[in-house]
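With the hints as your guide, set chain B onto chain A.
Chain by chain, the residues:
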Amino acid sequence: MILGLVAVCAPLGDTCLSRGMTKLPAITLAHPATLIAAVFTPWITFGIALLIGFFASYLTALSWADLTYVLPATAFGNVIVALLARFWLHEPISLERWAGIVLITVGVGFVAHGPSLTERPAIEGSATEGLALEGQSPARASEPAVRTAEELPR
Amino acid sequence: MTIPIPASTTGFWAAAAMIAAIVLCSTTGEVLTAAAMKSLGDLDDIRAHSGLKGAIRAVLTCPLFFVGVGFLALAFFSLLLALNHLNLSLVAPASASLTLVTNAIAGKIFLKENVDRRRWTAAVLVCIGVYLLAH
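Those sequence lines, one after another, are chains A and B.
Residue 67 in my numbering sits at position 67 of the first sequence, with consecutive numbering throughout.
Residue 123 in my numbering sits at position 123 of the second sequence, with consecutive numbering throughout.
Chain B extracted, bound-state conformation:
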């Protein structure tokens, strides 16, 4: 997918770098959060055992969860930074759809998820769809 050159004064590479920062931070954050939740096990089971408080405690005592949320916060701030320089109609669809694809790659490599052809197709379809929808 080609990223159209933004109309504002920001150059192509600066825009690409800002979007790349969002995509990288949010992918790292999502993968770490997912890994944290997987390490806890099924939250519904935990809640059935030790109630809602127990489930919340389980999440809040997982260090990996906070690292993940930290990266998601970083992604949020880089989104704010990008919005300061670029149009929302460029940043939102570009980052959302690119994140889907990088997440599929990261999920396969780091979480060892079984990203079969079905999921690849879905990731690409949704990615193009998000882009069309928000563009």
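Chain A extracted, bound-state conformation:
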């Protein structure tokens, strides 16, 4: 859910920003005030709001998942943009881009199936426990079971 928000908000925010900025006349460093005025145009404001939403959900995701889990998942946003462009804006997608879409999708599927957080030795108890539900680390989960099985005969 949070990862979905991250994936959707970032590209949409960027699109709004670029849409807003290209509509404005060219901004030069000689007139920095025009840059501040630009912030209050509707597209830019909306884009910034989306990007703030993105950053908040990104930080939340990082608080309970590994960086190497979050990043590929968020790269899925690129796929969403490409599909939006195809079906909403009716832009043609080249064979190369379809290949890119497939590769990203496969990659994300790969990570999503694994555990979302590296299991740590008990020190950080409360932080990792909540995740144990999602982090299906087969090695860890089977460890105690194996031990008890060994202990029983003795």
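Hints listed in this document are in silico derivations from the structure and should not be mistaken for laboratory results.
A quick note: this is a predicted structure, and the numbers were derived from the prediction, not measured.
We put the beta carbon where it would ideally sit given N, CA and C, even for glycine.
Keep in mind that a hint or two might mislead.
Stated by the list, open to error - Derived Cβ-Cβ restraints for the label pairs, each shown as a range: (1) K53/B <-> D14/A: 23 to 31 Å; (2) S39/B <-> L89/A: 39 to 47 Å; (3) I36/A <-> G70/B: 17 to 25 Å; (4) V39/A <-> I56/B: 17 to 25 Å; (5) S94/A <-> L83/B: 18 to 26 Å; (6) S94/A <-> W120/B: 26 to 34 Å.
What the hints assert, rightly or not - If the Cβ cut is set under 7 Å, some of the chain A residues that face chain B in the computed set are: (7) L59; (8) L62; (9) D66; (10) L67; (11) L71; (12) P72; (13) N78; (14) A82; (15) R97; (16) L103; (17) I104; (18) V106; (19) G114.
Chain B alone, transformed into the frame defined by chain A:
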């Protein structure tokens, strides 16, 4: 992955240096931010305990978070600099996909994350995918 020589007047090494600056800054920023968020614990728990304001306060009182965001800002400015000299179609995919791989390496070394073969494969696949998509 080979970086094609840009058509503009910027030389290959200058282009590589600019992209390397983006990749380095954003990797450092991401790793520091991730470390900061990990040190705080689950934000959803914090929010359940002390509300949204408490969660925001927890983030804003973490110094490591600001160092991370500082590096992300640096990465943003080096991106702007690079865009000033190179094409977006080169800079965006190159930096985005390289960052994924450097993050996997940095995550393993500095955050001690368990980057197993599954995650390596994913990082490489997504990296090539991003490159194909944006190129």
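So, going through the hints one by one against the coordinates:
| no. | hint | in the structure |
| --- | --- | --- |
| 1 | K53/B <-> D14/A: 23 to 31 Å | holds, 29 Å |
| 2 | S39/B <-> L89/A: 39 to 47 Å | holds, 42 Å |
| 3 | I36/A <-> G70/B: 17 to 25 Å | holds, 22 Å |
| 4 | V39/A <-> I56/B: 17 to 25 Å | holds, 22 Å |
| 5 | S94/A <-> L83/B: 18 to 26 Å | holds, 23 Å |
| 6 | S94/A <-> W120/B: 26 to 34 Å | holds, 28 Å |
| 7 | L59 | holds, 6 Å |
| 8 | L62 | holds, 4 Å |
| 9 | D66 | holds, 5 Å |
| 10 | L67 | holds, 4 Å |
| 11 | L71 | holds, 6 Å |
| 12 | P72 | holds, 5 Å |
| 13 | N78 | holds, 5 Å |
| 14 | A82 | holds, 6 Å |
| 15 | R97 | holds, 5 Å |
| 16 | L103 | holds, 3 Å |
| 17 | I104 | holds, 4 Å |
| 18 | V106 | holds, 6 Å |
| 19 | G114 | holds, 5 Å |
Checked against the numbered hints above, the structure breaks none of them.
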